[in-house]
Amino acid sequence: MNMAMSVSNTGERRSQQNTRPACNTTSFQKKSRSKLVSIPGTRPSVQNGQLIVSTGVTSLDYVIGGGLAVGTLLLVEEDKYDSYSRMLLKYFLAEGVVCGHHVFLGSARDPPDEIMQDLPAPILDDIPSNAVNMGQVTACDSEDQGSMKIAWRYQNLPKVQTALASSSRFGHYYDASKTMARELREAVKCSTFFLPHELPAESHAEPSPISEAYRLLLRSIQELIRQEGFDGTAPQKSRNILRIGLHSLGSPLWADDICCEEKPTQASSLTSFLYGLRALLRSSLCTCMVTVPSHLIQNRAIMDRVTRLCDTAIALESFRGSERETNPLYKDYHGLLHVKQTPHLNCLVCEAPDTKDLAFKLKRKQFSIEENGFDDYNDDNLVGRTLGPCSLPAWEELTAALKGIFYNMAHRC
Amino acid sequence: MMLPDLGSLLGFSTEKIEKGDFILLSDRNADASFLINHFLSLYLRAGCKVCFLGLVQSFSHYSAVALRLGVNLVQAREQGQLVFLEGLKDSVGQLLQQGPDSEAYPMGFLRGSQTDLRSLFRFVQRSVGGAGEWSPSILLVDDLSVLLSLGVSVEAILDFSHYCRTTVCHQLQGNMVMLVRVGEDEDDEEGPELLLKALTHQCSLALSIQGLPTGYCRDIHGQVEVRWKERGPGAAGPGGALAQKKLLQYKVHDKGVSFFARGTSSAVL
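Protein sequences appear in the order of chains A and B. Straight run, no breaks: the first sequence in my numbering ends on number 422. Straight run, no breaks: the second sequence in my numbering ends on number 500.
Everything hinted at is true.
Using 35 Å as the maximum straight-line C-alpha spacing, the simulated DSBU-like pairs for lysine-lysine come out as follows:
#1 B:Lys-476 / A:Lys-349
#2 A:Lys-349 / B:Lys-428
#3 B:Lys-486 / A:Lys-349
#4 B:Lys-482 / A:Lys-370
#5 B:Lys-320 / A:Lys-349
#6 B:Lys-477 / A:Lys-349
#7 A:Lys-272 / B:Lys-320
These are computed hints drawn from the structure, not numbers from a lab.
Hey, can you work out the whole structure from these sequences and the hints?
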């Protein structure tokens, strides 16, 4: 693990966007360690050596600490109209297709096939040839030794676009205005779960902390993991990652009432499901993104519990329809992105971002996330921007003093 | 070396372990799981028999963290010093109601047919009992509030903690450490707050972790409030109120945690 990091990660920026060091043009072959599972589309994290995958959005990868660790769960709290969170889910699934992962999509509202047909098209001509990290054969090592070196950059690009399934690059860019070609999509295995088709008309509800709908979904995921060997039973050579995308969990269409009631009758249904999902993820080569319409959940305690049962949690707050949409300070952005939680996996300390104050913008070829640069002028945006470590008594004394002043003033009038 | 920091903060040492203590860890808007890992390594080093209910993470996670703190969980488990319940492992089978229904499964409450945590308590009883070369017996729970997320009622959890306390702290003269995580809203009358209040009343030492009230800071991860009940002959006051109190700030490192008085963090000085 150390060898991998020192060889390929010296001088590498966390954003994974620049080229790898010059050593990839030599014939040096890194000795692949037996512990390192070299699955396309994954790499060990720089911070802690965990195996990570890209979320499909390179700026989001950077924000959550390099990527999404295999075996963990990413929670995305939906924006009000579910426009940007749905886009993130599509990027996540598209990344799975491009990397050749097995994709699982569960939804209750939109048929999964519709979502899959609407994935953004990957931008292919941006991909440089760099494969040393995965221990794959580089351009120089192939039998084309005698061919022209000028064109080496294009040698690894497949002649036909459809053969992209084993792309070894970490993190791709997508064109949001085009949809992914059908051949590309059909080259990977895709499993779906559409609740209206799975839920029986009559349900014999035994008392259980988890509802029928979530139980069926959990069983479906468990069966898929067992059948395809994601729990480690598959032979080493053919190991792959399972990407699970679950749309709008907790919404009433999942037969859940946490979005309708303040004291729901099935308060622990979604959380029990997430617990079971965590158990499945921790013991298999899977990674999962879940979107939840948190703005509909009225009981704050439930949302806290949901967040704690996920590993990484972000929330999207779009400006659309709010007064911020016309505010000139926000004109460069589509909304705010809050990092609610980052996981600490196999270590004590979690990856703390520099700032939790981020804004996003969905451009045609990129979903960009940037640091919020205008809170100096905006009074109600001080949350997240550190005020520096204040010691508590000083603050209390100050407020007590202020209260005293106002009290005196009020009584003198 | 950070571990003596926590030990010296609390007056603990590996040579001398207090008996009959119920330590309550809680966090609000922060993550107190580093504390439970510290206690685990502290007690294992002191040669105690430890029963750990790891309900939220896999065994390999705790093992990796413990290695950084200098303790080998795999070895401890093999030697019989550590009894570890990996809650996640059996949970899916129970949630999906696969396999036979029996009280032998500690996570059997997930089936829904049981309304209390009897099977979990029986597991604890089996694990901490039996005098051996390791003593005293310690029970660690990470964490108690996840049981609320799994549909267990507050009463059942309080019953469970009461039974455990009677067994571990009074009968076996061991210690019990439990972690409870609550949300941001203090007025919320939901389960976690109720649970926290009831357990705070019963415990002998309470450590509450909170985020900084002034916002997020990269160099200070939060503040910890330590409250002791007084021990000794003069301690039997009305209700046995938690007497001593200390408020400190902390920062979690890769191999430990450092505590410092407020305003003295390296970010300021």
